[in-house]
Amino acid sequence: MKVPVLSTSGSQEGEVELPIVFSTPFRNDLIHKAYIHLESHKFQRQGRYPNAGMDVVAESNSPPTGHGQARVARMSGGGGGRQGQGGGVAMVRKGRQAHPPLAEKIIYKMLNKKENKLALCSAIAATASSALVNLRGHKVDKIDSFPMVVSDQIESVSKSKELSKIFDALHLSQDIKRLENRQKRRSGKSLLRGRKTKVGKSILLVVNDSKNLSKACGSLTGVDVVSVKNLSVLDLAPGAKPIRLTVFSKSAIGELGKMKSTHLELMVITR
Amino acid sequence: MNIEEAIHIILKPYVTEKTFSLVENEKRICFLVKEESSKPKIMEAVKVLYNETPVGVNVCRTVYGKKAFVKFESVEKARDLATKIGML
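First to last, the protein sequences are chains L and D. As numbered in the working numbering, residues 1 to 271 make up the first sequence, in order. As numbered in the working numbering, residues 1 to 88 make up the second sequence, in order.
Careful, some of the hints might be misleading.
[Stated by the list, open to error] Covered stretches of chain L (in silico footprint by chain D; criterion: 3 or more residues with CB under 8 Å from a CB of chain D, positions within the stretch not fixed):
id	region
1	23–31
2	124–135
3	261–268
It should be emphasised that the hints constitute simulated quantities derived from the structure, not laboratory data. Ideal Cβ positions, reconstructed from N, Cα and C, are used throughout, including at glycine.
Let's have the full structure, built from the sequences with the hints guiding it.
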């Protein structure tokens, strides 16, 4: 399949043949699985102080009957205060937690290499489908061909001003505007923990060398840059929802052609 | 049918030794599908998702979910699709 290569001014600048990765069928189940598993690699283990609620001198009376009281463990000592209160067990006030989070629990979900590769291939191929990009909620009016391929000039851009001009020319700025006025103050624990606002994702730029371009994208809402070798399902399907509006540079398409996977080799044979 | 509906009907291919051999022997690929989906809907969803027209479909309800045995025109077509999906 051939797609047009667009210049940074929006005009057509030739064509490029898409590599075999783009003929992988859409596997929503695998993309979902890969996302869930890869996301778990970011998580930090949580635990509580192992002795929390148990650093007390509390014993139950032996035998615990005949006092007209509940048979819970109680503090020893005298002089009021904590003396005589229940402690050291799960059911009482100031006692321990029944089932606290454990630091030993393994929350890192392992993912098979081949499964991950197939999910990635499928996600890359899905960027060529306008229906799937629409499904995620991106605005794609006046964009004719998917995936969008832009000439290598875009890789040398290092200023946001220049980049936003290019987005205007490629009809991509409408998707960034979609995210305007979306920032609402969140409530609850997330607010207290420094996650005040949440902004959506807009355009993903896949390039061969992201050194310059990553500087330019900082101030544009929802725009991310990733180099081909670091491309993952996490970038292509945020929230495990297929599929993000993706712009490839011409050399990035060339790099994707070198991608190795057992399923791609089999696909070549069956061709 | 649009692609969104098709995603919700066909959940994933069901790969075991038995379904693996069905591809070569009976030109069939086994999918796990949504419990409420009907045979014509499954056929349509396969066409939308994989651009391959099925000949027929048989379904059965098991503890693993609803299985759909989708039959294709030839062994080659079934094998090609199975390779593309990543079954083989």
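Going through the hints against the structure:
With 8 residues bearing a CB less than 8 Å from a CB of chain D, the region 23–31 of chain L meets the requirement of three and the coverage assertion stands. For the region 124–135 of chain L, the proposed coverage by chain D is satisfied: 4 residues have a C-beta within less than 8 Å of a C-beta in that chain, meeting the threshold of three. Judged by the Cβ-Cβ criterion of 8 Å, the region 261–268 of chain L is covered by chain D as claimed, because 3 of its residues qualify and three suffice.
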